[in-house]
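Asker: Each residue of the sequence shown is one higher than the last, beginning at 22 in the working numbering.
Worth flagging that the hints you see were computed from the coordinates, not collected in a lab. Be careful, since some hints might not be right.
[What the hints assert, rightly or not] Computed beta-carbon distance windows for the label pairs: (1) 201 with 511: 56 to 66 Å; (2) 202 with 164: 20 to 30 Å; (3) 341 with 361: 26 to 36 Å.
Idealized CB from N, CA, C, for every residue including glycine.
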Amino acid sequence: MLIKSLNYWRHNVNLGKFTTFSCLLMFLTIFSSFSYADEYSHGLSLFGKLKYDENFTHFDYVNPKAPKGGSVRYASVGSFDSLNPYILKGVSAAGSGLPFESLLIASSDEPDSSYGLVASEVKLAKDNSWVRFKINANARWHDGSRITAEDIIFSYQTIMDDGHPNFSIMLSGVEKVTSRSELEVTYHISDKENRKLPLIIGGLPILQKEYFSKHPFDKTTLDAPTGSGPYKITNVDPGRSITFERLKNYWGKDLPVNIGRFNFDKISYDYYRDRDVMVEALKAGEYDIHQEYTSKTWATAYDVKSVRDGWLIKEVLEDNTPSGVQAFFINTRRDKFKSRKVREALSYAFDYEWTNKNIFFGLYERMSSYFENSELSSKGLPEGDELKLLERFRGKIPNDVFVNEFIPPKTDGSGNIRRNLRTAASLLAEAGWDLVEGKRVNRKTNQVLEIEFLYYERTFERILAPYARNLEKLGIITSLRLVDVTQYIKRLEKHDFDITTRRFVQRLSPGAELLSYFSSETADQYGTLNSSGIKDSVVDALLIEVLSAKSREQLIVAARALDRILLWGHYMVPQWFKNTHHIVYWNYFDKPTLKPKYAIGFDTWWWNSEKVRAFKKYKSGD
């Protein structure tokens, strides 16, 4: 069943000395600089002051005089069959959240701050028992009708009843939602220590009651919904493309949080069957902006005239956000992966150093944390408050946590990993899997160890094939299963795989998304993100520590402790990361001088008509 209240964690998880701690939730976080019950504020922040005061006119990372006009074309891989990004069913189109808004919107140059969007002001009870929003009297739906408290209450109830299961997890601390007028709404919070919940609430999508009372929210649809945001859907070619157009009379165009943003008159996404085809389309000028994730493509595919002439730009941007974790996730719901030693053995068969040298052109670093590229990542041995926290679990967690730094197995990059394979074979034997006539066989059940890798991008075979060969040297029968994107998503939702690659983006201050990733309660829920099926009472206890932290220092201590327990659980084989964004774009756009610290900032770019004219002359050969 879903988590109905975070009190579940207090009363049902075996926490030992941790029963006094309580859980909180996702999105952003709240503590010292909130406006409490005696005053309204223009925003909410975590662990510090809001950067922008109540009189701010625009974010620092925008050009407030950016001209409006032109268009921008993006691309995506696969297909889509829905325009609703908030339900489990179907595959939603890229950008399908653009028509929707929320009460608050996050700043991209602060780690944990949000400011009024549909809400003009927000007030938080001093004991955190409720959060109240004043709705901007000018806020309008695309049909011209006013956004009211009735819409907000309807949105909450609909998302809880019919939305993606993760919403129920994130909002489990909400008791009820009430209104005293059509422009004021109050969320009542059942867990008063849940200091992150108000910002989660502020970030929820707002749905029009009038529209969704007549159109089932829980069904996939290609009918454009009534929204309130700066763009509306104007054209849909099912599975192939979607187009949005900017509303000239958008109600929020002069809000400080929107000045200098949403500058294009038209935004479109075209779909391609795979990334190789997509890159060729970019070079042919069929779309405008591309974020490159494949190292080989970045290194070899852009040696073309348009790049040399300065019209197709390759740019590397600093990434100040946590890389999170990307890995081969091992499905522990399957009996063959129940043993920690079996899972550890799989790490010894993956030759990252050879992969990075021969396939990635040395562009990546090895991932060794669930909170990579952030101060939440565990390093060295635990000490100080982190050690004190972990000591409470001694005897329930691997002793390695206290005496060894977690470092993924290394090789010399030559491709000869016999030493690592010997270690892997010993671990498998200790776990009860013997080598019998060239096959790894369980000595109790006589089951042969077989592993299937599930993936949806053909280019990933160049990484999987060498790994599979190493596993086969251990007597493990290994197969690679390529499926289309839709099948892939469905199998992940049902947890129907042995091992698959996934990437989870972590927040600067993690919230309730961690419950979906790692909690025992979500391990067997359909559609949750607990890919490995983790069920561990110590992990549950440390999740509570992370989510209930009342200072940045407490958060760091708890997150590092959680990181160590997850790493030494060997629930995944770490892959790779880079702390930069690689983007490729046609040089007829302009962008602000200052990039937002925690985003790429595509929403702040604009169309340069003079560059467009010059580009047309370049293409024509004049």
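Asker: State for each hint whether it applies.
Answerer: Results of checking the hints against the structure:
With their beta carbons about 44 Å apart, residue 201 and residue 511 fall outside the hinted range of 56 to 66 Å. Distance hint check: the CB atoms of residue 202 and residue 164 are about 22 Å apart, consistent with the given range 20 to 30 Å. For the pair residue 341 and residue 361, the supplied restraint of 26 to 36 Å holds, since their beta-carbon distance comes to about 34 Å.
Of the numbered hints stated above, the single one contradicted by the structure is hint 1.
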